[in-house]
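Asks: Here are the chains, one letter per residue:
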Amino acid sequence: MAKLTLDDLRKLRDTKKREMNQRETDGKTVTVIIGMGTCGIAAGAKETFDAFADEIAKNRLGQVLIKQTGCMGLCYSEPTVEVLMPDMPGIIYGKVDAEVARRIVRQHIIGRTLIDDHIFDKPHADLVPSLTASKKAG
Amino acid sequence: MAFKNYILVCGGTACESSKGGAIHEQLVKELREQNVAHEAQVVKTGCFGFCERGPVVKVLPDETFYVNVAPEDAREIVAEHIVKGRPVTRLLYDKSQSRRQTRVDDLDFYQKQFRIVLRNCGFINPEAIDEYIARDGYAALERALFQMKPDDVIEELRKSGLRGRGGAGFPTWKKWEFSKLARGDEKYIICNADEGDPGAYMDRSTLEGDPHSVLEAMTIAGYTVGATRGFIYIRAEYPLAIRRLEIALEQARAYGLLGTDILGSKFSFDIEIRLGAGAFVCGEETALIASIEGRRGMPIPRPPFPAVRGLWGKPTVINNVETLANIPVILLKGGEWFGRIGTETSKGTKVFALTGKINNSGLIEVPMGTTLREIIFDIGGGIRGGKAFKAAQTGGPSGGVIPAQFLDTPIDYENLAKLGSIMGSGGLIVMDEDDCMVDVNRFYLEFTVDESCGKCAPCRIGGRSMYNLLTKITQGNGTDADVVQLREIGHAMQKASLCGLGQTASNPVMSALRYFDQEYLAHIHDKKCPAGKCKDLVTYYILPDKCIGCGLCARRCPVSCIAGEKRKLHVIDAAKCIKCGECYNACKFEAVQRG
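Residue numbers (our numbering), protein chains in the order written: chain D, 1 to 138; chain G, 1 to 595.
Quick caveat, the hints were computed from the structure, so don't treat them as lab data. In this text, a Cβ means the ideal position worked out from N, Cα and C, and glycines have one as well. Heads up, some of the hints might be wrong.
If you want a taste of the chain G side facing chain D, the calculated C-beta under 8 Å gives, among others [as the list claims (entries may be wrong)]: (1) V36; (2) A37; (3) P61; (4) C121; (5) R204; (6) G362; (7) G564.
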């Protein structure tokens with residue numbers, strides 16, 4: 001990878017920002033984000049990850065992207081998983097073991113219904129949604 | 001086909017016991033009766049917090065938050081919200097109850113937390129630099145390098161009011177300015193990631209979830225004070241954080257965001273990782289520097305402060321992980337923006353690792369000035385098992401306890417100091433009625449005695465003496481003179497110890513003696529442990545008129561010291577009893593007593 005100039009960095013940021021906002025890369029419309037900090041992994045997030053990958057492959061869901069991220073902050077409900085897809089609110093599921101992961105694929109992603117007893121509140125809304133957006137007056 | 005709305009009914013223990021189940025049923029029934037069953041799905045969820053205002057119901061996708069909902073309200077929620085699409089105002093969470101609503105202007109729905117430091121944690125893939133860049137990563141570095149002079153950066157930090165998040169709360173801009181003004185052919189930036197408080201994991205999670213934010217801030221610091229090398233001092237027991245930092249360093253170098261001539265600015269900076277062996281004292285800055293230099297991690301007297309004479313005798317800025325993670329945001333949004341969040345003396349947010357006897361343990365970030373009550377009951381979902389709140393320990397082994405009467409005190413550096421505790425790095429341990437203060441104090445002293453480097457006498461000898469006295473009291477052999485002595489040694493340690501470890505090691509005891517002296521006296525005079533924790537002071541026995549002879553206690557007893565025939569009185573053999581309390585917790589008839 002070549003070193004970036006200032007212009008390169010700005011272009012890269014714009015491109016990536018657009019990609020992230022569309023939440024669509026290479027035809028992937030559904031994103032499954034798995035919290036994989038030390039805490040998540042200790043609680044079994046790797047098994048959860050594998051179960052998602054397996055169930056998604058089995059159902060031939062080419063549009064689903066599985067991603068890892070750091071700690072979501074909901075330590076009491078690890079492993080935690082966020083599911084983002086069109087026409088559905090963003091949902092954070094907690095205590096997602098392999099079995100629940102498979103249910104999320106079948107009921108949430110395919111069936112478009114939410115799953116009882118595993119939804120946890122989003123820990124926050126982001127205070128700084130876009131830092132480079134125009135500064136608010138005052 | 002997807003539903004238009006999703007109605008989330010809190011299924012947490014507190015909401016469940018206050019009719020959460022009935023609300024769920026009614027909602028399903030109403031959806032059917034009003035012929036809109038195909039438009040909304042009713043779902044039972046985990047605990048949402050806000051348990052004191054439960055049962056709570058949330059409607060998606062508009063994130064409407066209803067509190068104190070009764071089963072009878074189901075008809076109106078369905079008729080108004082689902083059918084007509086307008087919220088039931090009467091049940092809305094009253095925004096005026098939350099002071100935070102008035103502080104930051106751009107929020108229009110209920111909110112428990114604000115995230116600046118943790119802005120990317122749980123959002124981005126920490127192993128992909130592109131995702132960090134997409135969320136305005138390295139834009140602050142860009143601004144610093146091309147639009148700001150070093151003095152502008154310091155001025156922005158001064159306006160922000162940012163203070164060190166490692167615990168002591170020293171103004172960050174001053175530290176940077178001292179280093180900038182100090183003479184030296186070489187200067188260094190150190191990130192202190194030697195997180196050592198028991199139960200604290202803020203820094204680990206930040207590094208694991210968003211390593212680039214720290215790298216970017218260190219580079220900005222280098223540009224500001226005139227340093228070209230940085231070090232991250234992190235304990236080897238954080239393997240995942242280390243791996244993600246290594247990946248991040250490699251990616252930043254490949255993009256030319258670290259290394260020579262960054263983005264064509266002529267400024268060069270690079271960062272190395274230094275692993276610590278996990279000694280608590282190495283979080284103290286002079287001991288940390290010694291450890292990086294390859295010497296044994298022991299503190300030296302200050303001044304001179306590291307900002308003037310630090311690593312290898314050169315001016316060195318040492319900042320904690322959380323402090324650094326704030327800096328890119330401050331440069332992008334401006335110091336004034338940051339200065340509007342928080343209290344008069346403490347600006348911005350604070351990350352806490354919320355643990356102990358709490359329902360929703362977790363990593364949280366709240367504005368300075370949030371009260372303990374909001375943290376424990378709104379975010380944390382209250383005390384586990386419906387027990388009574390006793391106290392919260394902030395600042396870990398260097399801090400103190402905050403009892404129930406101060407639940408509504410806004411948390412900032414000054415208020416915590418006034419209460420006899422400290423902000424600390426962010427460990428927040430919640431204790432309930434089953435926790436014994438003397439026992440907790442003894443636990444912390446055991447830790448600090450273990451971790452003391454032994455260089456100065458007040459810490460080495462004082463800590464051990466206090467620990468011995470506490471042990472004596474928990475065993476029922478304490479006297480009034482012991483309490484006097486604890487206070488005396490504690491004061492001496494605070495005044496005479498060489499570094500922060502010894503100066504603060506007696507804090508837990510001093511604050512417990514301030515608020516829970518009665519509990520100490522119960523151990524000493526009555527030879528009783530009110531919380532039932534100190535085994536030498538507790539006996540278990542069975543009340544003859546309450547025991548029905550179900551045998552549950554006998555089956556649970558791990559040392560088989562409970563005997564009795566079926567449907568007849570059972571008896572505990574006190575000589576064999578190990579006082580684990582299993583029988584006490586198992587008995588459904590309150591026949592097993594603790595005294």
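Asks: Taking the hints in turn, state whether each one holds.
Replies: Outcome of the hint check:
1. V36: violated, 16 Å
2. A37: Since chain D brings no Cβ nearer than about 12 Å to A37 of chain G, farther than 8 Å, the hint is violated.
3. P61: holds, 4 Å
4. C121: holds, 5 Å
5. R204: holds, 7 Å
6. G362: Hint holds; G362 of chain G Cβ to chain D Cβ min 4 Å, cut 8 Å.
7. G564: Violated. Min distance 39 Å.
In summary, the structure is inconsistent with hints 1, 2, 7 from the numbered list given earlier, while agreeing with the others.
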